[in-house]
Amino acid sequence: ETGVTQSPTHLIKTRGQQVTLRCSSQSGHNTVSWYQQALGQGPQFIFQYYREEENGRGNFPPRFSGLQFPNYSSELNVNALELDDSALYLCASSLLAGDSRYNEQFFGPGTRLTVL
Amino acid sequence: AQSVTQLDSQVPVFEEAPVELRCNYSSSVSVYLFWYVQYPNQGLQLLLKYLSGSTLVKGINGFEAEFNKSQTSFHLRKPSVHISDTAEYFCAVGRRALTFGSGTRLQVQP
Numbered sequence: 001e002t003g004v005t006q007s008p009t010h011l012i013k014t015r016g017q018q019v020t021l022r023c024s025s026q027s028g029h030n031t032v033s034w035y036q037q038a039l040g041q042g043p044q045f046i047f048q049y050y051r052e053e054e055n056g057r058g059n060f061p062p063r064f065s066g067l068q069f070p071n072y073s074s075e076l077n078v079n080a081l082e083l084d085d086s087a088l089y090l091c092a093s094s095l096l097a098g099d100s101r102y103n104e105q106f107f108g109p110g111t112r113l114t115v116l
Numbered sequence: 117a118q119s120v121t122q123l124d125s126q127v128p129v130f131e132e133a134p135v136e137l138r139c140n141y142s143s144s145v146s147v148y149l150f151w152y153v154q155y156p157n158q159g160l161q162l163l164l165k166y167l168s169g170s171t172l173v174k175g176i177n178g179f180e181a182e183f184n185k186s187q188t189s190f191h192l193r194k195p196s197v198h199i200s201d202t203a204e205y206f207c208a209v210g211r212r213a214l215t216f217g218s219g220t221r222l223q224v225q226p
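Residue numbers (the working numbering), protein chains in the order written: chain A, 1 to 116; chain B, 117 to 226.
No wet-lab data here; the hints were simulated from the structure.
Everything numeric in this text was worked out from a predicted model, so none of it was measured.
One thing to keep in mind: the hints can contain errors.
As the list claims (entries may be wrong) - Among the chain B residues that face chain A by a calculated CB cut under 7 Å, a handful are:
1) PRO156
2) GLN158
3) LEU160
4) SER200
5) ALA203
6) PHE206
7) PHE216
All residues carry an ideal CB built from backbone N, CA and C; glycine is no exception.
Here chain A stands alone, though its shape is the one from the complex (with noise of 0.2 Å):
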């Protein structure tokens, strides 16, 4: 079984350019979060994808924005880079099944991106 895997593993942009960060979720899984984790704080939920579709958002601008893909894997995509979108983000895959309240996150290790 294959878990959750992220590229690119590192990379650095410039202020106001895009980037776009990829996952590949879990075998089996359905739904991939993303999250921003700052240096020195705890991650952020940015949003969650299921079934191709965004499935809730926390609080972050338009400019980040999500594709999931029928294979479920996943894309984040920042545009109009800021230098405090410096932080590493990490993407995490479950099962969503239904009426289910709960599922299980399994995280990736995460692309940390440097903005200068």
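Please arrange chain B on chain A, whose structure you already have, making use of the hints.
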């Protein structure tokens, strides 16, 4: 709305000593609580979770936590720590979207 407060940013402890990492939460809905561990340059690994039932929850690596509804706490404990337990520990609350605390750095010294 929900929130998590981890009361200690750093906890130094000697090897083989007991440790407690404190977590307080607030939530307006039924509470699902979690502890995650993060080793350097890695993602988060689930240590244990409370969904319902027994208030004493046992997890991996010898950790356990107790859910206390009246004190809105979910403290993590281990009776004897090892050097390898040195890591960042996060308490979280939520169902489908998790709200995390700011973390506690456990530093185990020889």
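Status of each hint after checking the structure:
no. : hint   : result
1   : PRO156 : violated, 11 Å
2   : GLN158 : holds, 6 Å
3   : LEU160 : holds, 4 Å
4   : SER200 : violated, 19 Å
5   : ALA203 : violated, 14 Å
6   : PHE206 : holds, 5 Å
7   : PHE216 : holds, 3 Å
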